[in-house]
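Please build the complete structure, drawing on both the sequences and the hints.
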Amino acid sequence: MHGAVAAALPSRAPARLVGEKPLLRFITCGSVDDGKSTLIGRLLYDADLAPDDIIAALESDSKKHGTQGEALDFALLVDGLAAEREQGITIDVAYRYFATDKRKFIVADTPGHEQYTRNMAVGASTADLAILLVDARKGILPQTRRHSVITSMFGVRHVVVAVNKMDLVGYSEGVFRKIEADFHAFANNLRFASIYVAPLVAKDGDNLVHGSANMSWHQGPPLLSYLEGVAVEDVMQIAPFRMPVQWVNRPNLDFRGFSGFISGGNIRPGDIIRVLPSGRDTRVARIATFDGDLESALSGQSVTLTLSEEIDISRGDLLCSPVSPAKTGDRLEAKLLWLVREPLLVGKNYLLKLGTKTGPAAVTEVDARIDIESGLPQPLADGSTLAFNEIGDARLSLETVIACDPYVENRETGGFILIDRITNETVAVGMVKAVAASNGRAAAPLTELSYASMEGLPLVRESFRPSPTRSLVKALSWLLPASVSTFLIVYAFVQNAELAAEITGVELLAMFALYYFHERFWTRLKFGLATEETQPGDDPGL
Amino acid sequence: MTALAARPLGHLDRLEAESIHIMRETVAECERPVMLYSIGKDSAAMLHIAMKAFYPSKLPFPLLHVNTTWKFREMIEFRDRRVKELGVELIEYINPKGIEMDISPFVHGSKLHTEIMKTEALKQALDKYNFDAAFGGARRDEEKSRAKERVLSFRTAQHRWDPKNQRPEFWRLYNTRKAPGESLRVFPMSNWTEADIWDYIARENIPVVPLYFAKERPVVRRGGTLIMVDDDRMKLAPGESIEHKKVRFRTLGCYPLTGGIESDASTLDEIIAEMRESRSSERQGRLIDHDGSSSMEQKKQEGYF
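As you go down the protein sequences, you meet chains D and U in turn.
Just so we're aligned, residue 45 is where the first sequence starts under my numbering, counting upward by one.
Just so we're aligned, residue 36 is where the second sequence starts under my numbering, counting upward by one.
There may be inaccurate statements among the hints.
[Claimed, not checked] Derived pair list, reagent style BS3-like, types lysine-lysine, alpha-carbon separation capped at 30 angstroms:
| no. | chain 1 | residue 1 | chain 2 | residue 2 |
| --- | --- | --- | --- | --- |
| 1 | U | K132 | U | K93 |
| 2 | U | K280 | U | K270 |
| 3 | U | K213 | D | K392 |
| 4 | U | K280 | D | K379 |
| 5 | D | K65 | U | K87 |
| 6 | U | K146 | U | K280 |
| 7 | U | K270 | D | K148 |
| 8 | U | K93 | U | K163 |
| 9 | U | K250 | U | K270 |
| 10 | U | K93 | U | K213 |
| 11 | D | K477 | D | K379 |
| 12 | U | K281 | U | K270 |
Derived by calculation from the structure, the hints in this document are not laboratory data.
In this text, all values refer to a predicted model and were calculated from it rather than measured experimentally.
This is the structure:
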């Protein structure tokens, strides 16, 4: 038997193709007028990545809408909507694609305005790195903190703090060091894996592609070199196997496949998978694709699996590793970011979409609101919930059992949205912290089909046959408190400490021997064990 | 069938997987999806990915070609051949109003032509067949307002796009809920670039219209671009003459509105090499984009794809 299970073994993670450029997805965010769009525009221009006819259009647009007088207004390279060009602000996320010799980049240029915070969050949800822009004259603003908190909340691990407009503070190292220290102090709670603080003048290109003669005191690399070099590893390929079923592929009676995007780990024909929330285990028969069957597939691929048994599986079910299955339950503890002007209503019936599963859900309680200045939870005033752009810790109750992971373990099986049933708007985005089941709602794996029985593993745990040493220690641990209590009871009756001690001593020896033999006798007796061995939900010794 | 050995995921594999996910999600959650097929290279790649997404099932939706009657003849020939080869269903729609008024971009101008034959025609077709989701091959790297568009772009019952109020998209979660009459435009190729499309076409050996390859063709120099004389509806203005030049097209549309470029690139590898060296964006040959700086955004708000 091919003994593998649908786990994630690091040895199966592929080596990078030689010569293939790794991809970095990053976002730029900051307050209004910090110069985000200018930064990206200038970066593309200096790195010679903008096409000639686009530059020509930029020259004519700069004359019409430019905010830089006679000079080119690089923000116009990226601000695409008419309203944005007219108002000189960014409203929605703009995606840019560029590649250098070392790396491919997808950059999401996100809005600074507080009212468009949700658009910034959209960019953060898929980013590996965030560039936070800070105006050197203004330092760390509430909006910088808000963006840092959201960036951290969405699990973006790497941050670049771009201190822009250094020309307007006379390229002062002192001003820069103060901002650097302020940010480090604030970001202490936010658990970023790396923070790089760089002084810039985006409109002139200082420290973007080339270094800056004006700030020779700065030792770090220019922004683009840093982005080309920063190490961002794809950890999902070594995570436990996860595939939300998107679509049941049934062209004819002979083929029944389950199509989905693998959002964690890897899979091979012959591997055992668990179907959640039903809890049934089965084996992968084929990985069928247009290009032929695959020997294996991994996180990031869209595939169609056929299984060795006819099992009722439908869209919304989660296929996962039986060794580290997802959690199931109908109660969630989660972080929420509220996205619309109508505030959260406790008890209101929303739709929750997680993976490919959509179902009714209500927020039962908002435990805390995250203070945007500190990133720490604060208690809520009576009766208040979450308003537009606010973040909080909440509890949700679902109508049906769902399978999911904590967000920190898997972004795609731990992130969800809430949808208003009337307006159909996406009203909140959430991240699972914990899953629980209300009484009797958690589905149990069916034992006859469990991973353990399929792999031929013994269902009886080793610990059901305790060793003599274990019995001995167990007897001692029981006798110590028992003896103290015997001594106290005897003393209470006879009011004589010496007599009480003697009786306790004798009883201790007698009971020790009796307990030990009694215990050994019961370990040999099978009576009453059968139901315990097959207790549902008991993970078989793994 | 022999099993394929595991191969590390490259950039194109990831893009393909993402596009497949978007297509399946739309098909699973919408009632009547359709794929807009414009015959160009993006449509060719998108159609190829769709065949993969639902394999071994047949395409669970038809293709819709909004014909303006002014497409290159080679495009129509190619379309009919491909549809037959793949065994897919194709719906062709032409706005009857355009036929009635004998519309011509030469006579009525590009703006009116596009409005009637593309924008209006598309709305009529979607309404006629009650499609609630339409796949399009648009990419975010094509144009500035496209760069701002979501993967699932929500349209009102009047087919209007509100760029200031787009639904947020997190991770791979798409909210496809809509009221009756409302519809979605779905862009599975959003994150692809022009270079990705050509690399993919080369890797997967996807057939494309021969107009992409350089060949000697009859052209007229007009308004700074080279317009191919594809039929006798094109009349020469005084002083104009037909030249035979080796040209190819970076994008394909209505022949009077699509400028060719002089080129020797007659194979896929040569096209890819030429594109990498190019200093111009691909839409430079598209005449309709230059009606004004925000003209694409305006067309989209009005319902253009």
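Hints not upheld, ascending by number: 1, 4, 7
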